[in-house]
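Chains as they are written, first to last, in UniProt numbering: chain A, 1 to 278; chain B, 1 to 285; chain C, 1 to 268.
The hints are simulated quantities; they were obtained by calculation from the structure and are not laboratory data. Keep in mind that a hint or two might mislead.
[What the hints assert, rightly or not] Okay, derived cross-link-like pairs now, DSS-like style, lysine-lysine, Cα gap no bigger than 30 Å in a straight line:
{"no.": "1", "chain 1": "B", "residue 1": "K24", "chain 2": "A", "residue 2": "K22"}
{"no.": "2", "chain 1": "C", "residue 1": "K238", "chain 2": "A", "residue 2": "K121"}
{"no.": "3", "chain 1": "A", "residue 1": "K120", "chain 2": "C", "residue 2": "K241"}
{"no.": "4", "chain 1": "B", "residue 1": "K24", "chain 2": "A", "residue 2": "K134"}
{"no.": "5", "chain 1": "B", "residue 1": "K79", "chain 2": "C", "residue 2": "K199"}
{"no.": "6", "chain 1": "C", "residue 1": "K196", "chain 2": "B", "residue 2": "K124"}
{"no.": "7", "chain 1": "B", "residue 1": "K186", "chain 2": "C", "residue 2": "K238"}
{"no.": "8", "chain 1": "C", "residue 1": "K196", "chain 2": "A", "residue 2": "K121"}
{"no.": "9", "chain 1": "B", "residue 1": "K238", "chain 2": "A", "residue 2": "K186"}
{"no.": "10", "chain 1": "C", "residue 1": "K199", "chain 2": "B", "residue 2": "K195"}
{"no.": "11", "chain 1": "A", "residue 1": "K237", "chain 2": "B", "residue 2": "K185"}
{"no.": "12", "chain 1": "C", "residue 1": "K180", "chain 2": "B", "residue 2": "K193"}
{"no.": "13", "chain 1": "B", "residue 1": "K185", "chain 2": "C", "residue 2": "K180"}
{"no.": "14", "chain 1": "B", "residue 1": "K185", "chain 2": "A", "residue 2": "K252"}
So the chains spell out like this:
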Amino acid sequence: MELIQVEHLSHLYHKDMDHEYKALDDINLTVQEGEFVAIIGTNGSGKSTLAKHFNALLLPTSGICRVAGMETSSEANLWKIRQHIGMVFQNPDNQIVATLVEEDIAFGPENLGVPSEEIKKRVTEALQVVGMEKYRKFAPHLLSGGQKQRVAIAGALAMHTRCLVLDEPTAMLDPIGRAEVMATVKNLHEEAGITIIYITHFMEEAVMADRVVVMKEGQICDQGTPTEIFTQVEKLKKLGLEVPLATEVAAKLRERGISLPPYIITNEELAVCLCQLK
Amino acid sequence: MSIEVKNITYTYMAKTPFERVALKNIDLTIEQGEFVAIIGHTGSGKSTLVQHLNALLTPTIGSVLVDGNDINTKNEAAKTARRKVGMVFQYPEHQLFEETVYEDIAFGPHNMGLSEELVENHVKKAMEFVNLDFAEYKDRSPFQLSGGQMRRVAIAGVIALNPQYLILDEPTAGLDPVGRKDLFKKIQQIHKKEKIAIVLVSHNMDDVAALADRIIVMNHGEITIDAKPKQAFSQIEKITEAGLAVPHMTALLEQLKQKGLAVDTTPLTLSAGVDSILAAIRRRK
Amino acid sequence: MMLTDITIGQYFPGNSFIHRLDPRTKVIVLLLLIVAIFLLDTPWAYVGLCGFTFLIIRVSGVPLNMMIKSLKPLFWILLFTFLIHLFTTQGDIIWQGWIFSITGQGLKQGVFISIRLVLLILLSSLLTFTTSPIALTDALENLMNPFKRLGLPAHELAMMMTIALRFIPTLLEETDKIMKAQKSRGADFSSGNIVKRLKSLIPILVPLFIGAFRRADELAIAMEARCYRGGANRTRMKVLKIDRIDYVAYSFLAVVLVGLSVLKCSGL
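Chain A extracted, bound-state conformation:
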């Protein structure tokens, strides 16, 4: 079933002013329930602008964005859509509202008018899913970046969100924090079946996805499985994006006369292929 449908969506910033700027240009995209989609592109390619359309933080200048069949431009659907689609932003500091972890996770359900006892249950569950039970009574500024992002994820889960949109959630984190967030997201997708839309410019993170969407100057310029996308070494480099190292090494080895299959994007795949060489 389609969870998100985007048809001919364009978005102009500062419309009808002299610094009008077309951030999105005729986007068509469908995300299925339960899918894991990564959106990649350089800064300014429009990926964050697109993400903000998925839960009606921005509305299309033209075209349509539908969430679970509801059009985002209709005021009546607004809160249902936002409950469906949870958002996690780049800066872990600027999305935590309350002075205690549990209070922050309760913020979403409180806004939805969920009864007190039910909120407590949801907070406990959400904390368990992201592995932060120990930090329930902590003040947010005492947590690491990765922990703060997990709190933000838990905050969305407590709203019983069906889809999580993460906008460069690891850009400000160190390797430990990045690994924490990636593992949490992967777990949510695999165990809880939550639809994931993951915006990033770290390729090793995009490799986790079922499908990769490549954006450039407000348009979708390519999409496919990680293997299909990341094996196009030259094209990605021209777009200013990184290529997984294994793919790059495989390409160089091919140039030097080693015959390797075309699908290599992970170290594991490269290792297996090289060891099978006769």
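Since the structure of chain A is already known, use the hints to place chains B and C on it.
Relative to chain A, chains B and C alone:
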């Protein structure tokens, strides 16, 4: 000529219930013209350490010498140290405040008490280094530039001090791959052309693997590795223990080795890595 | 001193009788005690009040030296008010020197006013020491609720307080960082005359404000994304409840206040 860190210990909030030892017995010398990378996860003490190098923090025990002078003795010493040791903080564009790019970059030189003519000289040179056209950008408001340009203005503001040592704390955080590559190239140029010593603070091994002559790994307020890149990255256990990831190339070669291909795992660049794999394949045949 | 050394809210976690009281009870009790402090003006009533304050500090389990520390920032104000009363009150002169003269009434006034201030500070600190900031905010929102009909934006005020409490540590950290960055560029905050010093604050304040606005902007988006739409139809995870121990506290307070009134009325 060097920065000498002599057995320093630093305690945050000493004598309170929140007391925490951030640095323990650090000994370190950074020679003029070196390119050093200090790596560690958040809270490992790396930022605390570099803030001692230009007297922003005073060690609880021990001393720091810049070109032979103890920088914590009096106010004047600290000022001189800050002129010699430039410091670019994380997200430096968040510290811009002037109305024009020129004025912001000139803030440092003005504080040094230089003549207007010299100030302009310094600003011009600094802007050239970060690839901002002087005529085009000098009168623009820094707040109307793109994120990447703002960062370059902020870095120029430190380069305009004409430092002999330049410390950069996570200078590429938040930039996309193109922006990252660009900035690292600039840093390398400054290092090579001006013979400025660079101290690059990072938590990303890949960024520094190909650039630095020397890698310092920090964990729990102590230096756990201080070696040339190849030797440093071969100590995989210590690196993982410090909560860091080895460079991608090292990880890839290590995996090949585990799967039974006898490769040399020390190369760090793409071409050297490929050569190492080819050599291993030929040896097997 | 480092800016980040300042602990705001200074909550001292615990499980004492005082800690367990409903935060609204604590706010109401504090208000009543403040009124009592200003109405009482006889020596024995003050002794009684001091004794009561000391008693509840002991019950709360907050270390005495922490309480005394809370007085420290206000020491100069205390001294100043004491001296003003000491020297300016008219009455029977008991000591005279140079242009100063001290009167018996002045001495009494000075001591009384100092005791009042000290008690005021100690009791308010005890409230923040034993009540988490969030509980305090909830209590204030709840207590302000009846005034909503008069146009008081109770929910909005409470939300502002929560966000302020949440971001104070973050902004202090940021201030520290900006100061260090500008120092690295040769900025000097500690020398020169007052005009120069004020001017030297511009490189700190401008980035700080810009940063605060950026954060506010991002936070607003994040709150909207989590379905925030003001106080209407909002529920709370923690529901405040007046319990038995609250009634115990109110009864005890009533006894103390009656006792103190008796002391006052009998002029002791």
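We went through each hint and held it up to the structure:
1. B:K24 with A:K22: 53 Å, violated
2. C:K238 with A:K121: This hinted pair holds, its Cα atoms lying about 12 Å apart.
3. A:K120 with C:K241: 16 Å, holds
4. B:K24 with A:K134: Holds, at roughly 29 Å.
5. B:K79 with C:K199: 19 Å, holds
6. C:K196 with B:K124: Within the cut-off at roughly 28 Å; holds.
7. B:K186 with C:K238: 54 Å, violated
8. C:K196 with A:K121: 57 Å, violated
9. B:K238 with A:K186: Answer holds: B:K238 to A:K186 is near 27 Å, not above 30 Å.
10. C:K199 with B:K195: 36 Å, violated
11. A:K237 with B:K185: 17 Å, holds
12. C:K180 with B:K193: Roughly 28 Å between the alpha carbons, so the hint for C:K180 and B:K193 holds.
13. B:K185 with C:K180: 26 Å, holds
14. B:K185 with A:K252: 23 Å, holds
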